[in-house]
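**Q** Residue numbers (the working numbering), protein chains in the order written: chain D, 29 to 387; chain E, 329 to 1127.
Only true hints are included.
Computed cross-link-like contacts, DSS-like style, restricted to lysine-lysine with a CA-CA straight-line distance of at most 27 Å: (1) D:299 / E:368; (2) D:197 / E:629; (3) E:430 / D:299; (4) D:213 / E:911; (5) D:216 / E:810; (6) E:816 / D:216; (7) D:213 / E:816; (8) D:323 / E:743; (9) D:304 / E:352; (10) E:368 / E:343; (11) E:566 / E:343; (12) E:810 / D:334; (13) E:743 / D:334; (14) E:743 / D:216; (15) E:516 / E:352; (16) E:911 / D:197.
Selected chain E positions facing chain D (in silico; Cβ < 8 Å): (17) 354; (18) 748; (19) 804; (20) 818; (21) 836; (22) 895.
Hints were generated in silico from the structure; no laboratory data involved. Cβ coordinates follow ideal geometry from the N, Cα and C atoms, glycine included.
Now for the letters of each chain:
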Amino acid sequence: MADDLDAIRSELDAAAAAADTTAAIEAVRIDFLGRKGRITELLKTLGALAPDARRERGANLNRLKTDVESRLEARRRSLSDQALDQRLGSERFDVTLPTRPESEGRLHPISQTIDEVVAIFGEMGFQVAEGPDIEDDWHNFTALNIPPEHPARQTMDTFYLPGQPGAPKTVLRTHTSPVQVRTMKILKPPIRIIVPGRTFRSDSDATHSPMFHQVEGLLIDETTHFGHLKGCLIDFCRAFFGIDNLPVRFRPSYFPFTEPSAEVDIGCSRKGGELKIGGGDDWLEILGSGMVNPKVLENCGIDSTKYQGFAFGMGLERIAMLKHGIPDLRTFYESDLRWLRHYGFSELSVPSMVLGLEP
Amino acid sequence: MKFTLGWLQEHIDTKASATEVAAKLTALGLEIEGLVDRAKGLESFRVAKVLEAKPHPNADRLQICRVDFGGGEAEVVCGASNARTGMKAVFAAAGSYIPGLKVTLKAAAIRGVQSNGMLLSEREMGLSDAHEGIVDLPADAPVGAPAVQIMGLADPVIDVAVTPNRGDCLGIHGIARDLAAAGVGTLKRPTIAPVPGGFASPIDVRMELDAAHAAACPYFVGRLIRGATNGESPAWLKDRLLAIGLRPISALVDITNLVMIGFNRPLHAFDADKLAGGIRVRMARPGERLLALNGKDYALKSDMTVIADTERPQALGGIIGGESSGCTATTQNVFFESALFDPVRTAISGRTLGILSDARYRFERGVDPAFVTAGIELATRLVLDLCGGEPSNLVVAGAEPKWQRQIAFRPSRVKSLGGVDIAEAEIRRILGGLGFTIDGGANALQVAVPSWRPDIVGEACLVEEVVRVHGYDRVPTISVEKSDHLPKPALDGRQRRRGVARRTLAARGLMEAVTYSFMGADTATLFGGGQPAMRLVNPIASDLDAMRPSILPNLIAAARRNAERGVADIALFEIGPQYAGDKPEDQSIAATGIRAGRFETRSWTAKERPVDVLDAKADALAVVRTLGVSDEAIEIVAEAPAWYHPGRSGTIRLKPKTTLGTFGEIHPGVLTKLDAKGPMVGFEILVDAAPEPKRRAGRGALKLSPYQPVERDFAFVVDATVAAGAALAAARRAEPGLISEVRLFDVFEGGALGAGKKSLAITVVLRPTDRTLTDAEIETVSGKVVAAVQAATGGVLRS
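Could you build all of it, start to finish, from the sequences and the hints given here?
**A** What follows is the structure, given as structure tokens:
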């Protein structure tokens, strides 16, 4: 009895191989498995058999039915593979064609530098404070222990606005230090703030711009001393420039609002006329600092017999120029797209001490 | 402040080299600005004696000089007219490099006569432009000695930057004192022996200052020296002044400079014969003028201190002398002034008149009130030595003001403020070396401040003095102690949001700019600013004379400049301050951007497209979203400030009525005034205007529907003036729980619709949350949409 099934199987092989369209495959399926198909017809005859013979014959028929289905499915797949190969063989794209134009934005080096500075000092627990660009004389000078006619006031070429008669003079802040005053008048120690912002002096040449940016730092508590000031700024300089052994030098200097005061230099080399931050035997001044003058604390309503701390200020353009080799200060404000593209930063490069800073 | 090492060594006994001195000065806070070894490259030139100078046989202007240069004799051909037998000159042997000529000298025949070297002029030595003749050395210069030593060039010049608090270091003696305290050597205290006067000065000095002005000049000491012989100073004095860049004038004047540089004691020398009567110290009178020693004529003001005779001002106190009573080469009777002038008044007067003299510079920073008489005694001694003459008794007016004061000082503060442990004995040694005297003990010292340190006013100043001299480099470095294990975020919500806005705009393809906070007043006026209160009193340029009311004009100007450089497709933004007034609350932070030229550039993939309002609106909305404001919370109305195109601009409002910003095409008239080309669109978002998003437990549960959304399209014919936004909003509100999205996919005007009509075609997305919608339900919602849009717009469903 199995012989008739073998014969059907052979016929199926021949019919499947000959079918070269989906329609032809479907015709073969109907011929074998359709309602009146040959296997379907054979299945109808099972009922007439003795139980044992029916079980065996049924199993064989079912196996044959499955074989037909898989045989046809394989054939179907082979046909569609051939069709796909044929289609892909005819499709071509010139991959050397340029892509669609996209415009690319960049962040200004000043923003990126501010974000880097904030990322570093943020790790040390400093928070960003802000204050107005248009200040009064008292916050900008007097409260910081710079009385009128003080020589230090003359060296800061101050921009003035007309202001109100009889009121303190209205100035464009010459440094970010007035925000120290504004913060200390509001907050109680301990205080740790940094203040990135715009500053203004009536001066303009290759190394001076009428507007530039500073970041101010202020730390007030009961125990912080000059050794901490050194540690804080050395840690900052090494993190910012990414040089673990960057030499940092503290030089006595004078600022009316700090006592003792120090200017901070970093080691560099100028061999062959090329400035390199790091090794070498030369020094480059990058910031001013000191322990907050007790008079300033008192001017801000903080008990100078109990609290002390340090303050510092540095030029952001300057450290950006040094870090990224930007030669001319004035180009920062020219908004030349070619310059911005060259010196700008990707918006996805968000500075963080955990994720790393721009090299 | 310039001085030479040799001059310094008159004040300090030290073997330190110039380089060592320079390093220590920087460590002390006297930053080195320059260290110039003037002898460099000139060391090989020798003193030579011209044994014989005879005419050159083949040239009228040349001579043949036979010279003895110590190491032998040589014959050189020389063109200098002052070359003569017996003189001492500077000899350069063949093979030496001549810096002024930038050549290496070779032995060669000049007009047929062999020349084996050269006699040098100052220009050839690279010292000056003088080339009228060769250097004429003193007759006693030893033959064969290095010429630089004889010429006073071996002494290196040191230039230090003196901070405004250290007036005492505007005299070499003060610098020497700091060095000695820091262990560089031993301070040499000047011997100032009073010179006895031989007669009473016929020139008297009277203070004519009222009580209100008494501080203008509290103390004046004068002395007449008669019968002196003025003239050129001796070479050592001239060399010394020249080395530090001062021009020698005459012995009497040079002596005042010598004392000033040495001891920070400005003096003035009057030609006594040109004074009418006595000296009167008073305030200037209305209308008075002074022709000063710098040749300029100054109109004096009544708050300026003058040193007058009985007729007119002869000097501006502490600033500059007068021409008419200045010393000349023929002065025989000289009246010296050594006085104290109020620092502040001196500063104001000097600044008002624009005179920055060495004297003003010093009085502004404070001169030693206890050195007034010493200064005049030093000058007297020098005059007697160099010019002869007969000194009068001192003439004194006013009195030395009280400068003595004490400061309570706890040596423990050196550690607790200065951060370094220094033994009390060393603290005492340092302060003593700087001239402080110390009483008391056991962590409660009384420190008396020396007369020359008006800057020392408190304990912190003393800590600085001790730590500075001890060495900042010796203070142990300690990292800042953490206040918490995890620091609080450095930025608050608003600051953080601005950063996100900045990075979002860059991600949208705009380039970030940073522009000045000021602009020209004309431009500012176009953008709602330029009012008088916002104009700088002292701008550096007329196009930078007003505070910016908006960032847009600066970006427009940047676009113009870029276009001029051939970059016409521009997308720029800035997030920064703008100023509505001069009060702190008038400053706001704006995220402002422009796009100009083409949004899509010409490419093989697409047609080019100029920028339009939608580009600016998209940028503006992107910024608004970064502020945590949802699209549903805002409304957009068709109004904007005057610098936008009136028909192509809008305002974004946070409902109900907070203005967040504006966007639109820049008004073509404004562009023309700014000389910029369109099309240009822009936006301005006040990034701090939106309230900070509330801190919540979370964002609320997200319910995701498993059921298929259904989309239905509608087209409405409405009046052309109907705002599309109104139709979209009405459709969205028609069944709030079910309608998840409404999209506008076509806008069509004209054609069969007729004039004044337009068609708005929208897709409404229905997203059921609990079941699949039946056809009947969909029909019901569709009906509501149609009704809502028709009610809101007066339009009809297009069939």
